[in-house]
Structure formats: structure tokens, C-alpha cells
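Please take these sequences and the hints and turn them into a complete structure.
4 protein chains.
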Amino acid sequence: MIKAGIVGSTGYAGEQLVWFLYKHSMVNVEFYSSHNYANKPYNEIYNNYYGYIEDICVDMETAISKLSNINVLFIAMPHGKSFEITEKALSLGVKVIDLGADFRLKSKEVYEEWYGVKHEGEELLGSAVYGLTELNREAIVKCNLLANPGCFPTATILALTPLLKNNLIDSSSIIVDAKSGVSGAGRSANIGSLFTECNESIKAYAVASHRHTPEIEQELSNASKENVMITFTPHLVPMNRGILSTCYGTLKKDVTAEELIALYREFYKRDYFIKILDGLPETRWVRGSNLCHIGIKVDKRTKRVIVVSAIDNLIKGAAGQAVQNMNIMFGLEETTGLEIIAMAP
Amino acid sequence: MIKAGIVGSTGYAGEQLVWFLYKHSMVNVEFYSSHNYANKPYNEIYNNYYGYIEDICVDMETAISKLSNINVLFIAMPHGKSFEITEKALSLGVKVIDLGADFRLKSKEVYEEWYGVKHEGEELLGSAVYGLTELNREAIVKCNLLANPGCFPTATILALTPLLKNNLIDSSSIIVDAKSGVSGAGRSANIGSLFTECNESIKAYAVASHRHTPEIEQELSNASKENVMITFTPHLVPMNRGILSTCYGTLKKDVTAEELIALYREFYKRDYFIKILDGLPETRWVRGSNLCHIGIKVDKRTKRVIVVSAIDNLIKGAAGQAVQNMNIMFGLEETTGLEIIAMAP
Amino acid sequence: MIKAGIVGSTGYAGEQLVWFLYKHSMVNVEFYSSHNYANKPYNEIYNNYYGYIEDICVDMETAISKLSNINVLFIAMPHGKSFEITEKALSLGVKVIDLGADFRLKSKEVYEEWYGVKHEGEELLGSAVYGLTELNREAIVKCNLLANPGCFPTATILALTPLLKNNLIDSSSIIVDAKSGVSGAGRSANIGSLFTECNESIKAYAVASHRHTPEIEQELSNASKENVMITFTPHLVPMNRGILSTCYGTLKKDVTAEELIALYREFYKRDYFIKILDGLPETRWVRGSNLCHIGIKVDKRTKRVIVVSAIDNLIKGAAGQAVQNMNIMFGLEETTGLEIIAMAP
Amino acid sequence: MIKAGIVGSTGYAGEQLVWFLYKHSMVNVEFYSSHNYANKPYNEIYNNYYGYIEDICVDMETAISKLSNINVLFIAMPHGKSFEITEKALSLGVKVIDLGADFRLKSKEVYEEWYGVKHEGEELLGSAVYGLTELNREAIVKCNLLANPGCFPTATILALTPLLKNNLIDSSSIIVDAKSGVSGAGRSANIGSLFTECNESIKAYAVASHRHTPEIEQELSNASKENVMITFTPHLVPMNRGILSTCYGTLKKDVTAEELIALYREFYKRDYFIKILDGLPETRWVRGSNLCHIGIKVDKRTKRVIVVSAIDNLIKGAAGQAVQNMNIMFGLEETTGLEIIAMAP
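First to last, the protein sequences are chains A, B, C and D. Residue 1 is where the first sequence starts when you use the working numbering, and the numbers rise one by one after that. Residue 1 is where the second sequence starts when you use the working numbering, and the numbers rise one by one after that. Residue 1 is where the third sequence starts when you use the working numbering, and the numbers rise one by one after that. Residue 1 is where the fourth sequence starts when you use the working numbering, and the numbers rise one by one after that.
I should point out that these hints are in silico values taken from the structure, not numbers from a laboratory. Among the clues, some could well be false.
Since the list can't tell identical chains apart, any single copy or any two copies may satisfy a pair.
To be verified - Calculated lysine-lysine pairs in the DSBU-like style (CA-CA distance at most 30 Å, straight line):
1. Lys-300 to Lys-225
2. Lys-40 to Lys-253
3. Lys-118 to Lys-300
4. Lys-303 to Lys-108
5. Lys-118 to Lys-303
6. Lys-303 to Lys-88
7. Lys-252 to Lys-142
8. Lys-3 to Lys-88
From a predicted model like this one, the values you see are computed outputs, not experimental measurements.
What follows is the structure, given as C-alpha cells:
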């Protein structure tokens, strides 16, 4: 059995991780750490575990003291908080999977510019592997520090990579208009996340300034071998879960939607969790699963391609992909513990 | 492997059944029958199965022709539609689990009065077993025709039976105020079920006339050995899933909430899916699971007990309980294929 | 023109008051006071007023200094906060309409028991008038201190008073099962009010202990000339606005729903805002209005009456009724500024 | 008083029209026509009018027979249904305001291509005026046949016209990613509009093929004096009301967001219903109002401008704008009966 520890276990991504690890046949969770709920029973915070998980949340100090007992540490904390515990864990031979942003960007300078905090783990950036599983499996197999991708980047990079790898779109033409459920804002007591403030409304936010922008650009640049810059606009949608990423690019050549669908299916043919639809995705069909649904349309009149991808932001966009990466890092079947289909309605 | 057929597989209860049977380790589904979608691929109606289920829906005639290939038939159709296929299936030695109302009431007359249609399977009523699993396990083991309980009855009977069995409340004092998500109305194209007609509103409906009333009364009468009549008021709540049943009764003796909690825990001590909380249930903590959460409060000032139970109407209130009953009918572990925890948020 | 001041103008009830007073033809608002947003433009907090209200929120100290400029003070603050400013306002001849709970209960002891704070305005309790307009108009005309009713009490007392005044139900049999939208929880940054915590779920809360219980009992006791005790259970529903109160009582005599509907229509015949339906109410049909819709059913089998009432909790349950009362206190037509019909969907 | 008739009064746009006309000080509604609800009381379909509107819905034949009694006919019907009654009304000197699509496009051919039906009123196209009020007031004053704009076009054209009129963006670069509440799908009993199918999900639909595309292009071409083609992608959002249109264009020159905000404010300075924000719009702040909120951001890195506009689809996107246009056509103050502020939450 793999022994795991979770830091930040009471946030929404952390809880989703608990959900998957609880039923994972090859993992035991050794501790649940929480900043806000240390010393409280986990199932008091999340009553869905009543009768299942009897553990008491521990604080960070206790978590650090238990690092030597575990094989893998999952970190689900706000950016800027992962540096110290990551170093300690790695020094003890514990593999680290960070669901936060601290090791995703290869450039310390870009990180500091977009996140506005000092990067205190620069020496680890070289060895950190960006864990968008489908695009990076080989590196993941042998990595010790995995930077789990952000939710918007996961949906967006999966949607655009086949086009860029095949040089099918003008890399300067990319516009990404993304929509997220409210769980993306986390479990913090902010007025802006109240039911009454989010329900029955939609808004754009962080226009031209969202922190996932450089992460998407870094990976699309890798795919295209060009320096890609995109316009990225996230929106907040009144639903708990789900990301829909609507991606626009100008085609470099005449190609039909059918041809692109075939190309995408070939591109992702070994990827269990990626489904290329004939039609268009809806977030409900992936909610609760680790799947990414992708639909492709061509606007012949304007010579643009529109790729729409849907994921569950807490699963393929966070905890599910983290488990998928853990499976690879520990030599397990990639799908272990993740074979769940969306529940409708 | 158990070979199963599903009639009415594209309604919400039918689809939920598909969901559980698809991943059930001991079941193969031999056919998916649908009145409205015969000859269409199942995964076109429910895109969550894209890449998983490749079957084409069959019509009723085809379903009937395949009865001899299966061991168990699940029926998820409107009331009044189950009689013919049930008789045929039973005559071929196929066990039948009917998620509809046709075999729940022991009295033909009561059925005809409340449902307004003729009962065409009277001779089967004697052998039909009411499948509220926790209260009826022994009879379920050997039954061939299982009447799976309604959603409101499941939540309500589980909430009230311990009180009545222990003669703790006045059986003429019971009021049940229940709340259901919109999936309870089924997947029919009715104006009243439109998003825009249900969202941002709550209403009571079928006051003093809902068809689940005699079903609840039948089982509570069994429990109390008295002729119980209740006032039952269902409400429609703007959410997809979930039933919350708030049950009121006048206490016959002084008893504290703590004593009742202990009594309920003892009563349900062998029942994996029933969880007696210290606090109060919320439907989100059972959504997506086969659990029933129960909370108990005593109003000392008015000498009433308030028992609140929460289930997922499509699971413990329909398909999950059907699978639970199938497990018992076929000698499997009761929880097989049902070990799923609610996903939050 | 009536000059008004609002203390607590940035909570949901306060904002709703701003909405009605802004367009009220006979009122000028002299100041908007806010604890959390002092010195911020009102329209930055509520962007719906962008281009309409240019005022800057003031703090309590400033509000107090401006009392001599106004004719009426509206207070929309948490309980226990109204005593000091109320006394000051009254001493300056300013009429006070308190939307909070501080002057609703006639008994200091009952207030202190249920609210858990000391009552510091006992000497004002005698002159405070309980402002359930339809039942108390004469006293409202000449009052200086109006205690505006709570949201659950408004819906519930309007639903039950005709029965009690006519001695039609056993006053010890009353059970009130009420459902509220999330705005009832106010605009505070609590985890429990987050979109992700409320959406797709329903729960009961404060069972047998909600603070609106003694308020309802006080007024029902007045109506029945008996000491009424009720069982009151509030529920939280995933919608912004609306209260549905489902009220149960045991009938003392044989009476049909039709007879009761006629009786209610007679009882409320002079009351513009009370509509007795032939069918059942839904909160959406009163949302955004000052109306109360009431539907009545009789359960012949159990000899109970079920009265269901619907209001908009922020309007008839708070700010709308406050304006209705102000209109009466200042000799205006009762409906002035309140003639708004619910907007559907 | 203006005497009005409404055809299609029981759809969502029709009902919204009823709402505004009921309280309009200068209008009497002479008949409410409905295809599905002829001979039923209007307030049975929409209970919010219980106690207000006592009229019975009439059928089309009756509506036509009453044309000679009215001054203005509002048509709120599906496309292809307006031709006959429009001709009859105009021939009787009745002004016509069509909320549908039949007279919006100047080209019969374009209409027939996108809508797939024959245009049977070609001779009227020359005199029909496109009623995007703010951009077309002079023509509206004297028109007899007003084509009321679509909901997506209203939000989008208002957002982009100032840029195109000032030659600030490359007219071939425009991408419009729009989001609509479910009321945009109308009050038809379709499975796809059920609560359970829309709630907790977002999807794109009609990608590169939505019928509002040529309407937007026609008006943007007028503004830019170029032949504009756009990529337009509508999305369905789980909320009742609201459109958010996120519009992208490549800037032709260096310009800051502040400069653009100033330019927009100048452009719309005489337009009561258009509010240019410092920040970004949210649909909740315009819900229930006839306002259009617009926010502007510049992505310096990619030299694109992002203009986000928000309207209530049933008001500024349908019935409110229709009343605004009627006011102008009849010489009334443009804002008469439309001075309503969004209600929050």
C-alpha cells in the first residue's frame, strides 16, 4: 500500500482528493492536515464521511512530523505556501504532488510577476514535472515533484495542443473564453462567493490578468515551438462544478471539423480520460468524473476553429488528475480508483 | 454473472440503474429498453456513457423477446405499465424488480382508488415483497417479485418506523412534510418541469392527495400494528436530486433526543446504509449515495419529536435500493456495487 | 417629502429598503449608514444603483449626528444593536421603524431567553407596535416606534390568524414547516452561506429552537385569546428569495376548503397585498412583490387543514412591509411605492 | 391612452411585455392573444397576475378581428409567423412592433438561408426599422413597422458599435462569446429545457450557425461601413435571465481601457439605459431592468480589447426595448414605464 498524507485536506480540492484516496485500493491516508480545522473530526466538516472516516484533522506541524511515515504528500494549499514542506518531504524521499501553483511555471520571474509573491523554491523548479498527464507521461513516471496543473489550463491545453502540434492554427490568434463553477473559488468565506451573490448571475473576472494565463502559454509554447501569447477570459457560472473552455484559433489551412475530429481521436487514442465527441460537450456529462470531453467546430465563413472542452474542475482539473499522476509515479495502472462515470442529472 | 434487462432505461430512475449496473461486478446488462428512444444509441441520450456503453435502445417488443436470456428484469416505468411484462417474466423464471408503484400496495382497491387505473395483476399482489430493504430483508431473500419502494416512502418509513415499533408516538399525530428535487418529476417534457418554471421557487403540490400516502400508511401500519393515517405534503425544491422528509409526531412519553438517537442507532445497527447523525441531515451529504441520513430532535415545549431524514431520491429512493434488493435476492453481499460516498460540493 | 435615514443599508433587507425608498414618490433618503462599508459609494457595493445613487455610506456616528434632519429612521441591523439609536431618534421626535427583532416581543424575559442578550430598551416595549400591517393597522397609524415583523412570522401569522380568530383549529395542534431562500441568512461571509454549500441541497435548521418561534406564538396567542405554542421548523432552500410556510392544524369542526377560502377572502377583503388563491402558492409568483399568496387545503381523512403561504422574505417579510407601515404612519396611501408585480420567470 | 394588442402573450417575452404594459401609464392592453392558452384566464397561466389581470386569452382569429380597435400591435411569436398579421395590422393603420426575427434582416435571401423558411413579407422589408433604440432613434420616431432586435444582437451591437464607428478594431477580428439564461429558450416543453437537464451545467450550442449571427453582422457592417463577419458562440447558463456578451477585437492603435471608457461614455451620453462601468458587468445588476451595463478591458500583451456587456434578455433584449421603441413611436418620453432598477439579490 502507498502511504499518503494530505495537506490542505478541507478545501474543495483537498476534499475531492480525500474522496478518491478513500476508495483507492492501493492507498492509505496517514493524515489529514487542515489549517482551519485542526483537531476537528474530518467528518464534522464534511458529513458525507460520517460513518466512514473517523480521523481528526492535524495541523501543519504535526503533518511535517509525520512526513517520514509516508510515501507521497499531496499539497492542496494556496500559492506560496508549498515551498517549505515540499523541500522537507523531498529530502526525506517522499514524493510530492502539489495541486497548487508553486511549481507549475518554469520561470521564477514569471511566477513572481503573476503571483506577486517571492518564489522560495527556485532550486526545485528544474526537477518539477508539469503533470498534465496525457501530454507528459514519460516525465511523470520518474518524477519526485509533480506540479499538478490548474483547472483552466487542463481544459484549455488539452483542447488546443493537437492543433498547435500539427501547426494548424496561427499561434497568435488564440482566444480562450472559459467558464467555471463556483467551487473554483475555493471554500473561503468571501462575500463574493455567497449563494446570493453568485446565483442567477454570470460575470467575467480577472480579464487579461488571470494567473492561469502564463501557465497555459508555457505549455502551448512547448507544443507549438513558438512563443504563444493568448487572450484568456474566465467567467463565473452559477453551478458547483465544471469548467467549459471555449477556444478560438484562426486556421492556417482548409480543414473540416470531421478531419479535425479524426485528428484529435488519433492524437488522444491512448488516453482513457479524453473523449472526442461528434457533437459539443456539456459540463454535466463529465461532472464527478476524471474525463475531458472535447467538441470541435469549424466556422468556414471566418476560417476559425472553435474547440470546446469540458472537465470537472475539482477532478480532472485538480484531485482526479493528481491521483492519475500518483498512479503513474508509483507504477500503477493509470486509471486505478478513477473509473467513475458522471452521474446524471 | 447475473444477466439483467432494463425496461424504461432512459428515464431518470432507469438511467441511475444503468449507472450502478454498469459498474456492478456481478451483473451484465443484456438490453436497455426505452419507449421514447428505441433504436437510438444509449450514449446519445446520456452522453456521460460516451465511450462506455455502445448499446442501442430496444423497444418493448424486443425486450419481451429477450426475457428468456436474463435472470432479473428491472422495470422503471410509469404506474399501470408493469403488469404484462411482469407476468411474462415471472412465468419464465425471471426475477422482477419493479421500481414503479404497481405492486407496492397490498390492496387492489387502495391502488385503484389512489392511482385511478385498474390493477391488472391482482393475482401477483400476494407474492410481491415490499422492498424497503432494512425492514424486510428476510422476505426479500426468497422473493421473485420485488416492489421497490417510492422515494418519499423510503425516506419517511425509515424515519418513523423505530418510533412506531417502540410505541413512542401517537400514531394519529403524524405529519410528514417532505421536499424533493426536480428529478422526482421524471424526464418528461412538461412545462412545469422547465428550468425557468422550477428555479428560484418552492411550492407544495398534491397536498392531502399524493399517491405515496397510502404506501407510507401501509408500512407504518405494519410497524405500529395500528391503522395509521398521516398528513403528507410534498414540496418541489429547485435542485436536481434529494429528498428531505421532516416528520412530526406527538410523544407518548418523556424521552430525550439523545435517548432516541441511541434507540435509532440500536435499531439500525446492522444497516450499512442508515446513518443516525448527532445533528441534522442535509441532502447534499447523501447525494449520489445509497445512504439515508437521519437526525432527531425533541421539542420539549410541545412534546413532539421531529425526525428529519435525507436520501438521494434516485438512489436510495429508486435505483440504489433496487440494486441493494437485487444483491439480496441473488445472495450477494448487500452493499455490492453501492459503496459510493456523496461527492461534495 | 418625508426625510428618511437608513441604518444598516448594505445588508439585504437594508438594500431592499433602499430599492423601494429610491423610487418612492414621497420619500428622500438623507443618509445611508453601513457598519462594513462606511465611506464607500453605495453603488460600488450594489452596482444596480450605478448611475442612480451617488451617495457615500456613512458610519453610525454620522448617522446619529444627522437624526435631527430626518422624519423617520429605518434600522436594519442584527438584534441587540437598535436600542441606543432608537432612543435617540425617538427623543428627537423621529419615528423609528426597526426591521430587526429588538422590539417585537412584548416580554423582556422572553426576548432575553431566546436571543441570549440583555434587552436595553425595556421602557420602550410598551409603546412599540408590532407592524404586521394587515392585523394591526389602527395601532400603526399613531405609533412612533414600529417593530417590523420577522419574515417567517409574517408568512405564518397571516396564514393562521383567520383560523384562530374563528376558533376553527385546536390551538395546541399547530405545526409550522417553513422554507426560506438563502437571503434570509443575510449578507455575511459565512462558510454555510457559500454558493457551494447551499446549492443542490436542502436542510432543516434551528429545529425547535428558532428565534421566530416566540414571535409567532405571541401573535397567534393574541389572535386566539389562548396561550398558543407551536412546533416551528425552518428549512434552507437553494434560491435567493422567498418563504413558503406550510402550516398544519387540527380542525375543530367539519369545514371544506372552499368554505375556508371564502372565509379567508372575507377576512382579508380590505387587504391589497393578501391574495387568497383557489390553488396553491409558489414563491416565484410573489418574488419581487409585497404580496402574500395563501392557499388552503383540507385533509378530510385526518381532519387537518393545511394552509400554505408564500412571501418574498426581503419584501413583505422585511423592507416592503416596513414601507407599507411607513406609509400608514405618515398618512399616505398604504400601497404607495409598493405596486410591483412579481416578474416571471 | 395608447391601445395595444399582444399576440404571443404567454411566452416569456410576451409575458414580460404584459408586465411592462400593465403598469405603463399611457397604455391599455385590449387583448392578450395566445396560441396554446386561448380561452384561459391569463392569471391562471401566470399567477403573479392573480388579482390584477382578469382577461381571458384570445386566439389568433379573435386577435385579428380586434386589430381595428388598437393603435399598436406587439407580436411575440416564433419566426415565420408574423407576416400575415403584420400586413393586416399595417393596412389598418396599426403600428406593429415585432419581437420576432421576421423583419430584422434587410435581405430576404439572408433570412431564408439562416432561418430555413420562406419570407412572405418581402415588400415590407424596406420600411421596417431595426429597433436597437440607442443607435436608430431617428428612424424609429416615424416608423410603422419596427423589428425589435434579438437578445444576443442587442448586447453585442451595443458593445461593439463605438469601436467600429471609431475605426478602432480590425473588423475581421471580432469574436463574440455570449452566455444566456434559460428563458432565452422560450416556454416550450422541450426535454433540453428541463430543470434537470440545464441545472449544474453549461454548454455551447449552435456554434458557427446561430441565427443571430447575420443580424449582428448586418448592424456591425452598418456601423463600420465594411462587410463585417464575426465568429459567434452562444452558451446556455443555469439561470433564468440574463445575457453576458464577451466581445473580442484586435486594436488598430494603442489605446488604454481608460480612453475607451471615456469614448464609450461620450458615445452613449444621451442614452439613459446604457451604463459604462469602471469595472466589469454582472448580469444580476441589470436583471429585471432595461439597462445595458458595459465594461471594457484592454489586453496590452495581445493588443486586443475585450468588451463585456450585460442585459436582461427578456427586457433590454426583448420586451423592455419594445416598450422603449413604442414610447418613441408614439412621442412619449423614452423611459416611460421602464424606470426600474435591478433587484438584488
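Quiz item: Of the hints given before, which are not true for this structure?
Solution: Result: hints 2, 6 and 7 break, sorted rising.
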